[in-house]
Amino acid sequence: MSHIQKWQEPKLSWNPAEFNNLTQVVIPQNLVWLPKLFIYNSMETKEMLTENRFDVRLQHNGEVKINMPVFTSVLCRLNIELFPFDTQFCAVALASPLLNVQEMDVNATQPPKDSYFAGNAEWEVMNITVRQLRFVEYGEYRVEVHYILHLNRRPIYYVTVIVVPTFLISALSILGIFSPGSNDGPRNEKVSLGLGSLLAMTVLLDIVAGAMPKSNSIPLLGFYIIVVIMLCAVGVAISMALLGLSRSYIQTERMPSTQAYRILMLQPMKKCAMNGLSHPKFPDLAAIYVQLTEVARAQKTYRERIERSVWLNRVEKEWNRMFGRVDHIFLGIFELLNFLILVLFLRYAFLPVPDLPDDFTV
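Residues in the sequence shown are numbered consecutively from 68, following the working numbering.
Keep in mind that the hints were calculated from the coordinates and are not lab data.
One should not assume that every hint holds.
[To be verified] Straight-line distance between alpha carbons at most 27 Å, and here's what the computed DSS-like set of lysine-lysine pairs gives: (1) Lys367 - Lys384; (2) Lys281 - Lys367; (3) Lys103 - Lys132; (4) Lys113 - Lys132; (5) Lys78 - Lys113; (6) Lys73 - Lys103; (7) Lys132 - Lys180; (8) Lys384 - Lys281.
Treat the numbers as computed from the prediction; the structure is a model and nothing was measured.
Starting from the given sequences, assemble the full structure and let the hints guide the process.
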């Protein structure tokens, strides 16, 4: 940061008419008195110029001006509840370590409109507010100045690297869990796909935890990923429940009820008619009759076996149709919930930038 300090030194004033109309001079800073101000909330402060390179501008009326560029790292209180759409207020606080108001008074002014505030890839400097405070310490009035930076986070990195992959993984996970394409076969693959997606989102949550500052509150991005993980976990649980129900209903060897067809808006499949066994007439011969009786008994047993197999296959197909429709319903519900969660999360990106609170403290 670079800030300009001005003060009056009446002893250093002169009459320009007596010095060839000279109104100002530039002299080394070690020839004049300098205000004793330091950044008291700084972790590290480095002057960008050495002491012998600092110059001051002295006006004929005794006004002294100096520009002191410094590199500083300050401590700031962060509120990450709306991360990555958060706005932070960080103050650079200056005060005198010893001088009171009678010995050195400070009058801070707002930065000029043409001041240059440079952010970085993550933060955008929206504004700088200057506050001047007076307080009593050991019976003496002292003054301090706060340069409060309004910092708005740029969320494009987190949206691109974390939010979009999380949404796509959850959408594909829900599509795989409730995809009707595998209803004719086992549903175990759906559960495996859902568990794999949960593992992928857990890895993303670990990345978010490493990118965020430590705090006792869960940020908005963390809430989003946790809710999406819970949504996929509920989807896996429902898929496992449907797997157990489909097996139990198929094992009952009974067709779905009429009410079930009505609720799911399905039509029963038409029953395939089987050609009955013909009973040709033979001459009433005892030997042939005995042989035909044995053949008819074997044919009846084989027919019952085939009819049972056809019936079980038909029952399984009907129940698969029923659960396929249930999968369609849950697929629409969960994809809609996934999209609504994303919309609610992105809604915070369009909130107005908050103003500096009146009770802000360093």
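Okay, the hints, checked on the actual structure:
1. Taking the CA atoms of Lys367 and Lys384, the gap is near 25 Å; set against the 27 Å cutoff, the hint holds.
2. Proximity of Lys281 to Lys367 is assessed by CA-CA distance (about 77 Å); at most 27 Å being required, the pair is judged violated.
3. This hinted pair checks out: Lys103 and Lys132 have alpha carbons roughly 14 Å apart, not beyond 27 Å.
4. Proposed proximity of Lys113 and Lys132 is supported: the alpha carbons are some 21 Å apart, at most 27 Å.
5. Between the alpha carbons of Lys78 and Lys113 the distance comes to roughly 31 Å, so the proposed pair goes past 27 Å and is violated.
6. Distance check on the hinted pair: Lys73 and Lys103 sit about 13 Å apart at the alpha-carbon level, within 27 Å; holds.
7. In summary, the hint linking Lys132 to Lys180 is supported, as the alpha carbons are separated by about 19 Å, within the 27 Å threshold.
8. With a C-alpha separation of about 54 Å, the suggested pairing of Lys384 with Lys281 is violated against the 27 Å cut-off.
Violated hints, listed in ascending order, are 2, 5, 8; each of the other numbered hints is respected by the structure.
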